[in-house]
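Each chain, letter by letter, is given below.
2 protein chains.
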Amino acid sequence: MLKYQARIYVTLRPSVLDPAGVAVQSGLKHMGYDNVEQVRIGKYVEVTLDAESEDAARQQLDIICDRLLANPVIENYCFELTQLSEAAGVKG
Amino acid sequence: MLKYQARIYVTLRPSVLDPAGVAVQSGLKHMGYDNVEQVRIGKYVEVTLDAESEDAARQQLDIICDRLLANPVIENYCFELTQLSEAAGVKG
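If you read the protein sequences in the order shown, they are chains A and B.
Its first residue numbered 337, the first sequence is counted upward by one per residue in my numbering.
Its first residue numbered 337, the second sequence is counted upward by one per residue in my numbering.
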């Protein structure tokens with residue numbers, strides 16, 4: 337088994353309103369930053385997992401994102417995968 | 337003025353407990369994914385702003401992150417900056 341780290345980004349689809357982002361932008365305006373044009377807030381998730389191969393890890397992460405981390409109706413996701421080590425459980 | 341897009345990642349410091357991440361990991365375990373070792377949840381923020389230069393944009397983003405987007409006591413942040421266009425307001 338190989339150990340991978342996935343950096344997952346979940347963002348609202350561009351057509352979906354983001355009230356939290358609008359609130360942050362308005363806060364920034366009140367702080368004097370009126371050069372900020374748009375703020376969109378999403379989620380960032382780091383997942384460490386063991387898998388047989390990069391393909392297996394990607395397949396599993398797709399399911400995890402679709403079923404748990406993102407709401408496919410209003411959100412998009414993408415992820416980057418990094419291999420952490422050759423074999424799991426050889427630390428220490 | 338130049339237009340920039342910043343992709344900001346706010347993560348909990350490694351020493352800080354992440355109950356939401358633990359909950360997601362436990363949910364994944366219940367779904368049968370017991371090869372997931374760790375889940376850490378953070379924020380992902382996209383900010384579009386006008387600035388005179390990349391340096392000016394970076395300086396401003398540091399202040400915005402420190403004062404509004406991240407809690408420096410328990411969170412770290414980093415960002416990537418991309419220049420979107422030569423001049424602001426030439427769309428359409």
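Any given hint could be a false lead.
Same chains, same names: a pair is fine if it fits in one copy or spans any two.
[Claimed, not checked] Below 25 Å or equal to it, Euclidean Cα-Cα: the simulated SDA-like pairs (lysine to any residue) are: (1) Lys379 / Met337; (2) Lys365 / Pro350; (3) Lys365 / Leu417; (4) Lys365 / Leu404.
Hints listed in this document are in silico derivations from the structure and should not be mistaken for laboratory results.
Right, here's what the structure says about each hint:
| no. | hint | verdict |
| --- | --- | --- |
| 1 | Lys379 / Met337 | neither (28 Å within a copy, 30 Å between copies) |
| 2 | Lys365 / Pro350 | within (22 Å within a copy, 32 Å between copies) |
| 3 | Lys365 / Leu417 | between (36 Å within a copy, 20 Å between copies) |
| 4 | Lys365 / Leu404 | between (35 Å within a copy, 12 Å between copies) |
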